[in-house]
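Chains as they are written, first to last, in UniProt numbering: chain A, 1 to 139; chain B, 1 to 123; chain C, 1 to 310.
Derived by calculation from the structure, the hints in this document are not laboratory data.
There may be inaccurate statements among the hints.
Quick partial rundown of chain B residues pointing at chain A, CB under 10 Å, derived from the structure [what the hints assert, rightly or not]:
1) I18
2) I69
3) I72
4) L73
5) I74
6) L76
7) Q79
8) R89
9) G91
10) K92
11) Q113
Ideal placement from N, C-alpha and C gives every residue a C-beta, glycine not left out.
What follows is the residue order along each chain.
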Amino acid sequence: MSGIDDCLVQAMAIPGAIGTGLVDYSSGFALGTAGRAPAEDPDGAWAGASEVVNTAVNRAPFASTRPGDRVEDIIVTTLGGYHIFRQVHTQFDSRLVLYLWLDRSVANLAIARRKLQLLADNLVAASAAVPAPASGAGR
Amino acid sequence: MADMDTALKQAMQIDGAIGVALVDYTSGMALGTVGGGKELDLTVAAAGNTDVVRAKLRAMELLALKETIEDILITLDTQYHLIRPLTGRAGKGLFIYLALNKARANLAMARHQLRSIEEDLDV
Amino acid sequence: MKSGRAVLPRRVLTQLAGAAETGALYVEGEPGGTLYLAGGLVSYAESPSTPDAGELLTASGRVPPHVWHTVVTGTSDTGAGAQLVAQGHLTQGELELCVLGALYDAAFFVLSPTPARVRFEPGGTHPLGGVCRVDPAVLGREVTRRRKQLDEAHPGSAVDSAPITPVLRAPVPRLALTAAQWELVVHADGKRTAAEIARLLGRAGYTTLLELRRLAAAGLVTVDGDDGPVAAEPAPAGPKTGPATPPRKAQIARKPASPARRTQKNRATEGELPQRSPGAELPPVEAALATEEPDVPLLKRIRSGLKALR
């Protein structure tokens, strides 16, 4: 049993987590949220988060010419925080990211990033569908 | 202080660098680009696509990230794209866009080097 | 409960939610659809304008069609989602994401701002009605936001319902399209509407509309009628007659003939889901379309031919 709410609860348990959300970056709508939204107007915040992802995925100044080279995640580093946008790849049609806002003074970015990847993968059983990504700092 | 051409060439010396651009987000124009090659398509020059970078910065405003953005890292399966806004007064509205081959790059090192290049850049 | 006259579906939903009703709200009209309520909260929605959860799952190959059919028809009440997870066909996360996505997507079309005839069937349930609960007020706000977003992308709503034609000569020397936009342009053939393309590809209806509006804004797709209301003219020698009044441009009575429209009952149980994955060979939609939809390119050629004779 690992639904959306469970996933968000676990994301908030990552050290340094301030806010999290599962966002449809096509419509700019958050299907679920926990903690604080990254702006005072939550609707604007999720629309903004979606814009960041859309731009990175579809309209970056440079695009990889390698077929199937997908965006895994986007990390925005500010003075006080990290904003991680992790793509959730479902087999059925969707455009989803798992977003996590971290307090930079508390968080360990590398660990938080791996945990978020695991959460996103477990949510849709990506590890069962495709071989685990051979990413890695640890290799 | 280094001028733009020197800075872009320096950025291309970073391990794994495959392309670098200096982009003006108020106009959406690339002021200068180096590299590219067969691994990259420089889309910022494509017609009808000049609002790309503005969209990104507008989104940042929407996100109301009141704090200054240090950098943005986009991780693809085989590449890193590192975006760093210029901090100097003259560089307001500009940022460096660096694309790296993931297999050949040392990310921590690249971030550090790009930061020095940016701080030293005189536009 | 049944309304003889047309009412705003959203207003009816608010009333039903206020009374904490459980049942199915059928909305007629174009495109219409069904909202399922449980204790005043929305538990599922479907509309002919967008693939439902079953179509999303089977069109993508995530769940084999026969499995889907067996589970949905073999489960009483609202337990189909739980069954799919219990039998290991989906994770709970996938189920929730898929059903929520389909629900918001369909609600966008069902809660259209035009009055429609509605019918409420107390106690009516959907096999996937046990997966989530959405506050109708939240749903209503989101529908409004999305409508605004569509108009910001491109104010012309003609592409929402009319057959989509790709522009054969690009308006600029160089184009940059996203993969999703490319897929839409490739499948626009002058006959299929946005809804038909969405369901053919197993892609969300709202996103399809949004991308088509963007493509229209960029001048890459058009609806027939932008260069004259051809298709609204009565088809020569056809059994159907055209509208009595001359059709006005951009407001043509060329509603999608919706051959793929189903009756308002549970379509999840009908077992007529598409069985392809995106990119595979296309099913012969044209055959179904030909029965009601005028052949627009043909009509255009005829018109040009007639003009040339004069």
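Hint by hint, here is what the structure shows:
1. For B:I18, the interface hint holds, since its Cβ comes within 10 Å of a Cβ in chain A; the closest pair sits about 9 Å apart.
2. Satisfaction of the interface hint for B:I69 is found here, the shortest Cβ-Cβ separation to chain A being roughly 6 Å, below the 10 Å cut-off.
3. At a threshold of 10 Å, the smallest CB-CB gap from B:I72 to chain A is about 5 Å, leaving the interface hint in force.
4. A least Cβ separation of about 4 Å between B:L73 and chain A falls short of the 10 Å threshold, and the interface hint therefore holds.
5. Among the interface hints, the one on B:I74 holds; its C-beta lies about 5 Å from the nearest C-beta in chain A, closer than the 10 Å criterion.
6. Taken as an interface hint, B:L76 checks out: its beta carbon lies about 5 Å from the nearest beta carbon of chain A, inside 10 Å.
7. Proximity of B:Q79 to chain A holds as hinted, the smallest CB-CB distance being about 5 Å (cut-off 10 Å).
8. At about 18 Å, the closest approach between the beta carbon of B:R89 and any beta carbon in chain A exceeds 10 Å, and the interface hint on this residue is violated.
9. For B:G91, the shortest C-beta to C-beta distance to chain A is roughly 17 Å, which exceeds 10 Å, and the interface hint is violated.
10. Against a cut-off of 10 Å between C-beta atoms, the interface hint on B:K92 is violated, since the closest Cβ of chain A lies about 17 Å away.
11. Because the beta carbon of B:Q113 sits about 16 Å from the nearest beta carbon in chain A, more than 10 Å, this interface hint is broken.
Checked against the numbered hints listed earlier, the structure breaks hints 8, 9, 10 and 11; every other hint is satisfied.
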